[in-house]
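Start from chain A and add chain B according to the hints.
Spelled out, the chains give:
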Amino acid sequence: DTGVSQDPRHKITKRGQNVTFRCDPISEHNRLYWYRQTLGQGPEFLTYFQNEAQLEKSRLLSDRFSAERPKGSFSTLEIQRTEQGDSAMYLCASSLTPGQIGDEQYFGPGTRLTVT
Amino acid sequence: AQSVTQPDIHITVSEGASLELRCNYSYGATPYLFWYVQSPGQGLQLLLKYFSGDTLVQGIKGFEAEFKRSQSSFNLRKPSVHWSDAAEYFCAVGAPDDMRFGAGTRLTVKP
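Quick mapping for you: the protein sequence lines, in order, are chains A and B. So that you can map any letter, position 93 of the first sequence is 93 in our numbering, and since no number is skipped, the others follow by simple counting. In short: position in the second sequence from 1, add 1000, done, that's our numbering.
In isolation and in its complexed conformation, chain A is listed as follows (with noise of 0.2 Å):
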């Protein structure tokens, strides 16, 4: 078990461009989440899957914000014709179905977007 991944930890763009994040969960864990965590702030949840079911996408961000569990293993984040406002860093976890022992989220490292 190598924990949950995230690619790349670092990512500058120029404002309008598409950018994409990538998510390798833990390998036994079915739930997937993402976040945004600003300078200064928590993490703020933005969208979750239950194997490749994506069960709440109210709260992503606007509808520049997409996200993807195809196999149900790991997951895209999609951020199209980015603003400087979203800068930030883009966290990913994952957990087992809640409910069952050790349930609790596991976090990657983040990725840092820049838009310049």
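Hints may be right or wrong, so weigh each one.
Sample of chain B residues with no beta-carbon within 12 Å of chain A, all distances over it, derived [stated by the list, open to error]:
hint, residue
1, TYR1027
2, GLY1028
3, GLU1064
4, LYS1068
5, ARG1069
6, GLN1071
7, SER1072
8, SER1073
9, VAL1081
10, HIS1082
11, ALA1095
12, PRO1096
13, LYS1110
Listed next, the stretches of chain A that the computed footprint assigns to chain B, with coverage defined by at least 3 CB atoms under 8 Å from CB atoms of chain B [said to hold, decoys possible]:
hint, segment
14, 44-54
15, 104-114
Please keep in mind that the hints were generated in silico from the structure rather than gathered at the bench. Every residue gets a Cβ at the ideal spot worked out from N, C-alpha and C, and that includes glycine.
Just chain B now, with coordinates in the frame of chain A:
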């Protein structure tokens, strides 16, 4: 709506001294409560969690937290702080699919 307040943005303690980080929450039902720690370049790590039962919860790294329903608080404590405890600490409330985090408390440890 559920929310979390961490009143202290930054706390400095001397190594070996005791520590208490404050957390107040607003939640409509019996809350699920968590404390996480975040070190630079690291992901958030769960220190402890409260779902029900004993209101004094023991966690990893010598941390404990006490749930006080009457005060809507879930303060984190450690009797003797180590230099390696310097980090950002986040309190969170809510179910796994709807967790709300506080803004965090940055802990500095003086030698």
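Right, here's what the structure says about each hint:
1. TYR1027: holds, 15 Å
2. GLY1028: holds, 17 Å
3. GLU1064: holds, 17 Å
4. LYS1068: holds, 21 Å
5. ARG1069: Fine: 22 Å to the nearest Cβ keeps B:ARG1069 off the interface.
6. GLN1071: Holds, since 21 Å exceeds 12 Å.
7. SER1072: Check passes; 18 Å lies beyond 12 Å.
8. SER1073: For B:SER1073, whose nearest Cβ neighbour in chain A is about 17 Å away, the distance exceeds 12 Å, so it holds.
9. VAL1081: Fine: 22 Å to the nearest Cβ keeps B:VAL1081 off the interface.
10. HIS1082: With a cut-off of 12 Å, B:HIS1082 remains clear of chain A, as the shortest Cβ separation is near 22 Å.
11. ALA1095: violated, 7 Å
12. PRO1096: The claim is violated: B:PRO1096 sits with its nearest Cβ about 5 Å from chain A, within 12 Å.
13. LYS1110: Given that every Cβ of chain A is farther than 12 Å from that of B:LYS1110, nearest at about 22 Å, it holds.
14. 44-54: Held - the segment 44-54 of chain A has 3 residues with a Cβ nearer than 8 Å to chain B, which meets the minimum of three.
15. 104-114: holds (count 7)
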